[in-house]
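Student: Listed here are the chains, written in short residue letters.
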Amino acid sequence: MKRQFPLFLVFIFGLFMVFQYFVPHETSEWVYEFLLDWILVIGIFALALGIWSLYKVSVDKIKTRKANWGYSYVTLFGLFVMILFGFTSQNGDSWGWYFIFVATVMLTIGMVIQAMVSSGQKGLSLILAGVFLVASVLIGMFDNAWSFHFYTAEGLQNSMFRAFFDHILIPILSTMFSLLAFFIASAAYRAFRARNLLASLLLLAALIVMLRFNPYLSPIFGDYMAKTSNWLMNVPNMAAQRAIVIGIGLGIVATALKVILGIERGYMGKG
Amino acid sequence: MDFTTFCWTTFAAFVTLATFSFLYKDNPFYKFAEHLVVGVSAGYFVIILWHQGLVTNLFQRLADGDAYFLWLNSDRWWYVIPALLGVMMWTRFSKQYSWVSRWPMGLYIGIATGIAIPLEMSNRVNKQLYAMMVQVDWSNFFGHGGFNLLDVNSGLSQLIVFTGAVSALVYFFFSKAHTGIFGGVAKFGIWILMIGFGASFGFTVMARISLFIQRVQFIDQSWIHNAMDTTNENYFWGFQAVFWIMILLIVGYIVKELMQFFGSKGRAESAGQ
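Same order as they appear, the protein sequences are chains A and B. Under my numbering, think of the first position of the first sequence as 27, with each following residue one higher. Under my numbering, think of the first position of the second sequence as 1086, with each following residue one higher.
Hint data in this document are derived by calculation from the structure and do not stem from the laboratory. Quick caveat, the model's predicted, so the values are computed rather than measured. Accuracy of the hints is not assured; some may be wrong.
Below 20 angstroms or equal to it, Euclidean Cα-Cα: the simulated PhoX-like pairs (lysine-lysine) are [what the hints assert, rightly or not]:
1. Lys1116(B) with Lys87(A)
2. Lys1350(B) with Lys1110(B)
3. Lys1350(B) with Lys1116(B)
4. Lys92(A) with Lys1116(B)
Short derived list, chain B residues pointing at chain A, Cβ under 10 angstroms [claimed, not checked]:
5. Leu1157
6. Leu1254
7. Val1255
For glycine and all other residues, C-beta sits at the position ideal for the given N, C-alpha and C.
Please build the complete structure, drawing on both the sequences and the hints.
Tutor: Structural data, given as structure tokens:
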């Protein structure tokens, strides 16, 4: 029951989903849409596992005072403040006591974490957590400048939620991607050394494509650089990409078959 | 630009510079930005999936039911089942009951793999095969309107795409030794693959460089320019104050690092003597 029933489920639902694809009946399409909704909902519930794991790892890091444990507070702050912003929104032009409310909720969470991680003085942390909780509940009850929205998406329009997205998430993520320009350059030095014919082909193709986008060097070679780069991207690169995509597709199908037939069981974990 | 927006822009500039500081070494500013982005992005996806996934696919469908009856009196009560299965996933953390999470996992994996097989064959394999097998344009074999080897639509280019893709697939076929004609085709395949990897690599490098340029432009035009822009109708001394506090922070860290560097160098020299 513990291992056989999940394998049975995978087999039955896997085969069913393969065959329903070839049945052009509206019932089959309805079932397809219906099961798609199901796995979407199950997947979102599974996200809670990831969030809990992030919370637990961060709290454990603080508790055991591992290296750089102090930064885990930053992670937890980012996580909870974003969730809070996403469920609340302004009702008018004024924010009222909103930021004090956010501060009290954050302090409540902080004090609960403090109580969990500290060996002594748990009582004081819990009392403070209770005080902040009462303060936040009172503000939430009597402040009409803002409100909670769990079933409608007003929270996504909350200016604080958007500000965190625009001024924290986007700058850091795009800077991290741009950092790769430097690391990729050092990798290129190792990869592009023309040791043999294959490495030389790689070097030449990469150089032509890079020079084509260089505003200073590209004009020296005139139109030829752009045309050669264009040809490289659309002919040999296209051929290579087609082969890779076909290979990936066949690989996914083979792996999916192994999963459905119960040959690949890694997803079940141990036990 | 108003002052609040400028403060947010300053913070964005701070996290941008903090992230770039990793090029020097792992440091407290980078660690701050790194941990912040992990938390904020996790929170962001919780909210997005809640509002755009759970609310639309579950709560709205069960809205006509009552919580007292566990929504089983809803017209679409069967949507309670995936919620229940989702909750069963949470047993993963219990050593004793973690096996329960395999049921929803089995259902999820079964449906997902079942969908993947025909879709992957149709969307990846078949579509690429169809696109590969085009009628070769023999009348314009060496280019349209004269001899032009760089014409991407010429018959020769079409033939290279076809033979290149087939040869690259042959290279990935390891069930037969790469010798003789088969080996020759595989060799042509690896040439095509290397040219393709080189072109993709060059393109990726330039994409990252353009992202880097965009970040530098942000620092210059959105942050420094607005800090000094006295023509801004909302401008007051606070803009420069915020700007110089940030600069002081950066200079302070550089001075601290320099002092640490020369301090350790001096200690090493005295130890050597």
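Student: Is the Cα-Cα distance between Lys92(A) and Lys1116(B) 20 angstroms or less?
Tutor: holds, 14 angstroms
Student: Mind checking the alpha carbons of Lys1350(B) and Lys1116(B) for me, to see if they're no more than 20 angstroms apart?
Tutor: violated, 26 angstroms
Student: Mind checking the CB of Val1255(B) against every CB in chain A and telling me if the closest is under 10 angstroms?
Tutor: holds, 9 angstroms
Student: With a cut-off of 10 angstroms, does the beta carbon of Leu1254(B) approach a beta carbon of chain A closely enough for the hint to hold?
Tutor: holds, 5 angstroms
Student: Please check whether Leu1157(B) passes as an interface residue: C-beta within 10 angstroms of a C-beta belonging to chain A.
Tutor: violated, 16 angstroms
Student: Between Lys1116(B) and Lys87(A), is the straight-line Cα distance small enough, at 20 angstroms or below?
Tutor: holds, 15 angstroms
Student: For the pair we were handed, Lys1350(B) and Lys1110(B), check the Cα-Cα distance against 20 angstroms.
Tutor: Since the Cα atoms of Lys1350(B) and Lys1110(B) sit roughly 18 angstroms apart, the hinted pair holds (cutoff 20 angstroms).
In the structure shown, a violation is registered for the earlier hints numbered 3 and 5, in ascending order.
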